[in-house]
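Listed below are the residues making up each chain.
Protein chains: 2
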Amino acid sequence: MEKVDFYETKITGGFWREKLDLVRKVTIGAVYDRFRETGRFDAFRCDWKEGMPGRPHYFWDSDVAKWIEGAAYALREKRDPALEAVIDEVVDNVARNQWEDGYFNIYYTLFARDRRFTARDEHELYCAGHLIEAAVAYAGATGKTKFLDCMLKYAAYIEKRFVTDCDAGFKTPGHEEIELALVKLFEYTGDRRWLELSKHFVDQRGAQAESNPDWMRPQYNQSHLPVRQQRTAEGHAVRAGYLYCGMADIARLTGDDELKEACLAIFDDIIGKKMYITGGVGSSSGGEAFTVPYDLPNLLAYTETCAAIALAMFAGRMQLMFVDSKYADVIERVMYNGFLSSLSLDGKAFFYENPLEILPFMTGRDVSINHQSLHLPQTRRSEVFQCSCCPPNIVRFIPSIAEYFYTIDAGQKTPVIYLHQFAESETKIRTGSGVIKVKQKTKYPENGKLQITVSGANATLAVRIPSWSDGIKILDLKEALFVKKEQGYAYFSVTDGAVLKLDLPMKIKLIEARPEAVFDCGRVAVTRGPVVYCLEGIDNGEPLRDIRIDAKTLKYRENGPVKGVPSITCSAKRRYKEAYTELYTEAGTRPAVDLEAVFIPYYAMANRKETEMQVYTFADVSGKRIG
Amino acid sequence: MEKVDFYETKITGGFWREKLDLVRKVTIGAVYDRFRETGRFDAFRCDWKEGMPGRPHYFWDSDVAKWIEGAAYALREKRDPALEAVIDEVVDNVARNQWEDGYFNIYYTLFARDRRFTARDEHELYCAGHLIEAAVAYAGATGKTKFLDCMLKYAAYIEKRFVTDCDAGFKTPGHEEIELALVKLFEYTGDRRWLELSKHFVDQRGAQAESNPDWMRPQYNQSHLPVRQQRTAEGHAVRAGYLYCGMADIARLTGDDELKEACLAIFDDIIGKKMYITGGVGSSSGGEAFTVPYDLPNLLAYTETCAAIALAMFAGRMQLMFVDSKYADVIERVMYNGFLSSLSLDGKAFFYENPLEILPFMTGRDVSINHQSLHLPQTRRSEVFQCSCCPPNIVRFIPSIAEYFYTIDAGQKTPVIYLHQFAESETKIRTGSGVIKVKQKTKYPENGKLQITVSGANATLAVRIPSWSDGIKILDLKEALFVKKEQGYAYFSVTDGAVLKLDLPMKIKLIEARPEAVFDCGRVAVTRGPVVYCLEGIDNGEPLRDIRIDAKTLKYRENGPVKGVPSITCSAKRRYKEAYTELYTEAGTRPAVDLEAVFIPYYAMANRKETEMQVYTFADVSGKRIG
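Chains A and B, in that order, give the protein sequences.
One point on numbering: in the working numbering, the residue at position 524 of the first sequence is 524, and numbering is uninterrupted.
Here the working numbering = 1-based position in the second sequence + 627.
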């Protein structure tokens, strides 16, 4: 299977066009402003001195690098001299402050010149990876190679220290990222040297004991076992996700069956036991980590934005290796839920954590002590973070969303084009038999109606049937023939000028977690298509936990209490608070009251005042509880 | 209202007789052994030196003191020379190592001789209070006054430092206890000086800012407001409870209406907003504290054993001031649930925390880091604790349980005897009109049948109608006349030889928490009489959270899976785990399976292997969910 360069997909309208425009018009600038204010751009001058504000942290390089990567993706779509000037200034600073030997790192250049590559957990290779990704993206978008040249020199220095001379103080980085970045460098330059270097880091991980800070176990950075022996997702969820991307890349590009097997098992461990319905992963704030199976508390969900992105990235790499719609299903789950929740509707504020329940009254619980005894996620998005990995990750994820739309299997007689994600768009796919154009006309995710036009050459088009759908309805086929359903895809044989009118029937569905996911027992999530919905206190009164919905009355509405966002309404009941005089009462002796419950998409939560929020709710069907 | 000396109540059989015998035969010895092993007894020699095992902690005096107090209560019932020899050895060490000026504290004598009474949070007055309580108890039980004499001298020194010379480094102790202890000293000696000293400490609290460790806010030790202005329960739940006892004591003995008002409000704040159905209080491990209203998580409940005891002590003092059965209701709730759960059925092991849910799989969640990110209570009782306040508190609470059985209002024409708690027992009550004997014949809490015999003089007998009961049934009255029901008591006019046959109908009841207690929404607790029941995984399979009981089928059984302990069984359903292949599934599409659910009393939980436990469960009545 091969990638379809996402630059070849033009998102022409609809849901993701709006998000792309928001990122271009607002988010890129908002993150830029915050980074400028906090000194992250100036830090690249490497002239910070004690007493100046904003002491550079050892992960600052990566913050700006991710922002550049995202800005570059936006630039590819539409050049912008002002934006490029900002990036060029950073690049000039990188070039100016790069060491003779190729090394570049703000923190180490300023504060720790004598101990480069000695502290495994101080993110040098993590920063290097993000700088490389940024350089590749910027070169790809603008053709300017100064940044890329710097990073090629840096990559060569890394190779010297970690492979040729083998004199670094550790074997593998404490925070993975370099692995997948080097693969990007290989894919862009075609130089196999970088693939080998990436493979080196993947191979070394867990092969021998390495030093870690005291509070950390080897699982934290996935060093507990050689990667080929790993079968479960462990430790820091972002580190894990980035590693799994690197593993999947190497597995695909080198045909490494042991690595493939590890990737398959780890992916299934995540989606079968460790993923929220929103696609959020890493349930524990302690270690920002994957934990034991089915440990998925809603109120305490850590579910870092970067971890959701990393999961989508991992799934994207898996769908390049294996034909199974579960990979695209996960990407879609992340896209519309646990990732998208991280960005405010105005594009300016961000969630680091994306919990499945918010109870504002709980944030005041430690009234008698000066620390937080329970790590409760934020109840509102912030514009600025000390540890600011998430905002620029959002900046790069949305403009590259089309990366997940298509893959192509060119190894068949006629090329098989896999259409994974649905969005109003036009794509050019280069195949051995010429350029094939695929055009999607759809209002997805408002409804599941798709009109797909294929032109240019004969091909097989495999359209994903999402797991939330009860199948795919063929409304009309022109120059196209239905062949089969397999592994979650509907295959059509298409010729030049084919038009497929399809429908993925989008009903409101109540979803339950399996019994082992104890925090969800007895409750259901309201979903429609790929979108998970939630209740907010501002619309439904509090406490939300006491609401029981009547599932027969659920209705989808194109509008709702949040502007520009749909809603689902239904009849519901809750106990009548005022009827209670005591804390404990004989059950069933107090009246219930009716209400019209209003659900909004989870991604739109927390955009008004601070209020309760919950995904899972009690529900009755025909007067009987389900879930 | 006056106390009825609990020494005058002989518990002659039944539930509490068994517990008293267990404490006498097992628990006193078990705690003694642990304290001996850890050096707590030897510490009283005040000759510990660097290098020796078991460095004395500044709260060790109090651990042994509480143990002595409990042992003394047991001795009062039956003298035991061997046990007294152990206590006399401690007393000799106290006398030998007491300072010339009257001061006594192991830690300060060993390590901090120069800074006595300078560190507010280092428990000197807390230890002093427990030593005073122990000395009073030991004198009361044996007539030996050596210990008491030492403590009178110490109390005089405290008075000198904190009142006369007023040269201590703080005004009020960081951990309350001395207040109620000095009242006991007053009540035993009749010397009003100790009541005044107690009142001094109560009056001073919150009257001015005092120093605290950095992590602590004034609420932590109830110093945020002058006590007479306090209306809510705040901070460390044991400190709070002990303070409220002192406040109630002073209010009662001095007729202080402002203090009474504060006590009334605080008590109602606790039982209306901050108490678990088990009588556990202090829901947060952070600060071991009361938190905001309705913050009552089940899995994370801290609910320290000592805090439950302190709540019962506070309620006991309130029922001496106010006629309202809610005070005795709370005591009973604590006695049979959140207190009794702390002691293993074999009498040897203890819970410090008494959560309302145990999920063993969660304890492994921090697999990738070397610390616990979420404070989860222990899943099994321990025999030994570093911080060992709870075990000796159990040792003293059970042998003094009869303290809560009776109060007397001698201010009426004929004395009114309030019978608060039900247990097979004989009590002598000294009144102005002579000794009145009250004899209870009952199998309580197995059932609610009571035969009460009153002899000696005319009186009014007020029998509590528990809040769990739908009333009191008069089966037969001899030489007794029903007068009225008021404030939760049934009043009978009785003459010498009266026999009252009564019944408190004991049905299985499902109890719900009010809607604001969000962690219980949609679920109910199974109770029978004063006893809260729970499910354990060992009997019911796991996960327990998925069980839904059929409330129509609930049946009480005198026996059950735990030897010597009753059970409640019913039909129930749970989802069929094996029918699930994925983590998320359309709700209601998988089969349920039937099971016979078995509840055991909450107090009997965690006496077999490590397993899930939960109090609140989903329940249907006539196929419809309640709660």
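I should point out that these hints are in silico values taken from the structure, not numbers from a laboratory.
One or more of the hints may lead you astray.
Claimed, not checked - The following label-pair restraints were derived from C-beta to C-beta distances:
#: 1; chain 1: B; residue 1: N997; chain 2: A; residue 2: V593; range: 35 to 41 Å
#: 2; chain 1: B; residue 1: L1222; chain 2: A; residue 2: G364; range: 55 to 61 Å
#: 3; chain 1: B; residue 1: L1222; chain 2: A; residue 2: K428; range: 56 to 62 Å
#: 4; chain 1: B; residue 1: A1219; chain 2: A; residue 2: A209; range: 45 to 51 Å
#: 5; chain 1: A; residue 1: V26; chain 2: B; residue 2: H1002; range: 38 to 44 Å
#: 6; chain 1: B; residue 1: T1216; chain 2: A; residue 2: D268; range: 17 to 23 Å
#: 7; chain 1: A; residue 1: T589; chain 2: B; residue 2: A1219; range: 25 to 31 Å
#: 8; chain 1: A; residue 1: G411; chain 2: B; residue 2: P987; range: 26 to 32 Å
#: 9; chain 1: B; residue 1: H1002; chain 2: A; residue 2: G364; range: 14 to 20 Å
#: 10; chain 1: A; residue 1: P505; chain 2: B; residue 2: E1223; range: 55 to 61 Å
#: 11; chain 1: A; residue 1: G434; chain 2: B; residue 2: T1216; range: 44 to 50 Å
#: 12; chain 1: B; residue 1: H998; chain 2: A; residue 2: E89; range: 48 to 54 Å
#: 13; chain 1: B; residue 1: F1012; chain 2: A; residue 2: C387; range: 56 to 62 Å
Note that beta-carbon positions come from the ideal geometry of N, C-alpha and C, so glycine has one too.
Check: Tell me, which hint numbers fail for this structure?
Finding: Checked against the structure, the hints that fail are numbers 1, 2, 8, 10, 12, 13, while the rest are satisfied.
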